[in-house]
Amino acid sequence: MSKARFSKQAHQLSGDPSEDIPVALRDVPESRAQPPVQNLVLVMGGLAGFILVGLIAGLWFFVISPRADVDSSSPQNVDAQPGDSVNSQDNNVDALLGHLRYPEAPQSELLAITADGRIRLRTAAAQRYLAMAQAARREGVILVPISGFRSVEEQEQLFFAIGARRNQTPAQRAALSAPPGHSEHHTGYAVDIGDGAAPATNLQSNFENTRAFRWLEANAARFGFELSFGENNPQGVSYEPWHWRFVGDRHSLELFYKAKNLNPKP
0 MSKARFSKQA
10 HQLSGDPSED
20 IPVALRDVPE
30 SRAQPPVQNL
40 VLVMGGLAGF
50 ILVGLIAGLW
60 FFVISPRADV
70 DSSSPQNVDA
80 QPGDSVNSQD
90 NNVDALLGHL
100 RYPEAPQSEL
110 LAITADGRIR
120 LRTAAAQRYL
130 AMAQAARREG
140 VILVPISGFR
150 SVEEQEQLFF
160 AIGARRNQTP
170 AQRAALSAPP
180 GHSEHHTGYA
190 VDIGDGAAPA
200 TNLQSNFENT
210 RAFRWLEANA
220 ARFGFELSFG
230 ENNPQGVSYE
240 PWHWRFVGDR
250 HSLELFYKAK
260 NLNPKP
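Going by numbering that gives the first Met the number 0, the first residue of the sequence shown is number 0, and it counts up by one from there.
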């Protein structure tokens with residue numbers, strides 16, 4: 000009787016085909032069904048991450064890194080102010096024996112400051128000079144213009160002919176007169192001034208002892224004029240207390256700006 004019950008139970012189990020497979024074997028296929036999908040996800044994720052890293056590296060190499068190199072290779076003084084000295088190499092390009100190259104003023108922009116019309120300055124400089132001379136005369140000081148605008152051709156004659164006559168080398172001559180093309184007189188803004196009461200001091204260093212020079216020191220700036228070559232000037236030009244330049248408008252100021260900050264080579 001007990002064998003009959005055992006036989007019946009075995010018959011019932013055989014009705015389900017899966018019952019003929021041991022539990023241990025039936026679990027293996029079910030657990031291995033997921034890994035291919037998971038592996039695919041991991042591979043795709045890894046590939047996407049690799050591509051992202053590559054894009055970031057490329058962006059750095061082609062965009063950010065070159066800009067950093069350019070910035071580091073082109074130093075700029077961002078704190079520089081308009082009055083600061085500029086690069087000496089840039090200044091030295093147009094410097095000759097301590098003198099800067101200057102353009103020649105157009106004849107149409109010149110105005111006479113003497114009755115005979117022989118001495119001329121640019122219009123703005125001429126008008127301010129005449130006003131300055133009148134102001135000085137009211138105080139008993141006679142300002143006499145000795146030289147104003149000078150062409151490159153005139154400067155060439157002055158530089159070489161007088162230099163040869165005095166047996167001066169170009170360097171020696173340059174201490175007293177600018178080489179052609181490098182004189183402030185070319186601009187029409189420079190004027191040599193004498194004292195009408197002391198003509199013997201004209202173009203001499205002792206002009207500094209005259210009333211005219213002392214008056215100019217105290218008042219010239221009001222009319223837009225300044226001394227070009229003071230003592231120990233950075234251009235290395237001999238002291239010229241008689242030589243004054245107009246810096247009273249934008250054009251003249253910009254023209255002479257680099258001269259004021261020049262440190263030329265010998």
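Please note that the accuracy of each hint is not assured.
To be verified - Distance windows between CB atoms, simulated:
{"hint": "1", "residue 1": "Asn218", "residue 2": "Asn166", "range": "28 to 34 angstroms"}
{"hint": "2", "residue 1": "Glu230", "residue 2": "Ala196", "range": "30 to 36 angstroms"}
{"hint": "3", "residue 1": "Ala196", "residue 2": "Val151", "range": "30 to 36 angstroms"}
{"hint": "4", "residue 1": "Asn218", "residue 2": "Arg164", "range": "32 to 38 angstroms"}
{"hint": "5", "residue 1": "Glu225", "residue 2": "Arg137", "range": "37 to 43 angstroms"}
{"hint": "6", "residue 1": "Tyr256", "residue 2": "Ile50", "range": "55 to 61 angstroms"}
{"hint": "7", "residue 1": "Gly229", "residue 2": "Ala196", "range": "32 to 38 angstroms"}
{"hint": "8", "residue 1": "Arg117", "residue 2": "Asn218", "range": "24 to 30 angstroms"}
{"hint": "9", "residue 1": "Leu95", "residue 2": "Ala134", "range": "35 to 41 angstroms"}
{"hint": "10", "residue 1": "Glu152", "residue 2": "His250", "range": "31 to 37 angstroms"}
If you are wondering where the hints come from, they were derived from the structure by calculation, not from laboratory data. Every residue gets a Cβ at the ideal spot worked out from N, C-alpha and C, and that includes glycine.
Hints, verified against the model:
1. Range check, Asn218 to Asn166: Cβ separation about 40 angstroms, and the 28 to 34 angstroms hint is violated.
2. With their beta carbons about 24 angstroms apart, Glu230 and Ala196 fall outside the hinted range of 30 to 36 angstroms.
3. Between Ala196 and Val151 the beta carbons are some 34 angstroms apart, a value that agrees with the proposed interval 30 to 36 angstroms.
4. Range check, Asn218 to Arg164: Cβ separation about 37 angstroms, and the 32 to 38 angstroms hint holds.
5. For the pair Glu225 and Arg137, the beta carbons lie near 22 angstroms from each other, so the given range of 37 to 43 angstroms is not met.
6. Checking the proposed 55 to 61 angstroms range against Tyr256 and Ile50 shows it holds: the Cβ atoms sit about 56 angstroms from each other.
7. Between Gly229 and Ala196, the C-beta spacing of about 23 angstroms breaks the proposed range 32 to 38 angstroms.
8. Range check, Arg117 to Asn218: Cβ separation about 25 angstroms, and the 24 to 30 angstroms hint holds.
9. Here the CB-CB span from Leu95 to Ala134 is close to 36 angstroms, well matched to the stated 35 to 41 angstroms.
10. For Glu152 and His250, the hinted distance range of 31 to 37 angstroms is not satisfied, since their beta carbons lie about 23 angstroms from each other.
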